[in-house]
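Based on the hints, put chain B in the right spot on chain A.
Chains A and B, in that order, give the protein sequences.
Numbering that gives the first Met the number 0 applies: residue 0 is where the first sequence begins, and numbers increase by one.
Numbering that gives the first Met the number 0 applies: residue 0 is where the second sequence begins, and numbers increase by one.
If a hint is listed, it holds; no wrong ones were tucked in.
Simulated pairs of lysine-lysine, BS3-like, Cα-Cα distance not exceeding 30 Å:
#1 Lys15/B x Lys137/B
#2 Lys36/A x Lys5/A
#3 Lys5/A x Lys137/B
#4 Lys15/B x Lys36/A
#5 Lys137/B x Lys36/A
#6 Lys5/A x Lys15/B
The hints are simulated quantities; they were obtained by calculation from the structure and are not laboratory data.
These numbers come from a predicted model, not from an experiment.
Residue-level listing of the chains:
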Amino acid sequence: MNNRLKVLRAMRNWSQAELAGHLDVSRQAVNAIETGKHDPSLPLAFRIARLFEMPIQEIFDDRQD
Amino acid sequence: MTDKIDPATTGEARLKARSRRFWSFCALGFGVAVVIGVVTGTAGALYQAGSLPGWLIYAFWGLTLAAFGWFTWEYFRRVDELDLMDNLWAGIIGFYFYFVAAPSWWLFHDIGLVRAPDQIAIYVATVFVMFATYGLRKLGLR
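Here chain A stands alone, though its shape is the one from the complex (with noise of 0.2 Å):
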């Protein structure tokens, strides 16, 4: 699934290790899930929705290009 993770955490300034305290998740998870090897689950998609303060389908696309 593609993602817009990389581009949103970036924005912020943020490390991977940031962004994985925020959402209390590995740094490896936020790796993972950025580089598309990991689909996060539906609770971990909101929190990052949530985070971010966006709707979730801004962020996550599962559309294949």
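Positioned in the frame of chain A, the structure of chain B alone reads:
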């Protein structure tokens, strides 16, 4: 877990605290495992020498299972969903390995091709496959 953390702290500080709590928990589990190993080893030797009743061995075994159950429950409560997935994949691939290896060896033995199945060897190989799968996923091979 997120709600219990002071929202004023930075994400990196939260991550460090989370990591510290996790590794402290693992160290506690390791310490308990060492104590259980020493106690059950000593108890086994005393039972074989005839100075300990058999029911006490069962009691130690029950306590060990309870401790292992508690540790496993707490472990999966503390890891994040990525680590949970790594554990699940390692578990299922380990199971599939056993599912294929044990009957294959038995079949080959049954037709006289190889020696009788060695249960300990299959067990050790299964554990190795599980840990190897977990390690490979940790290295990013997802």
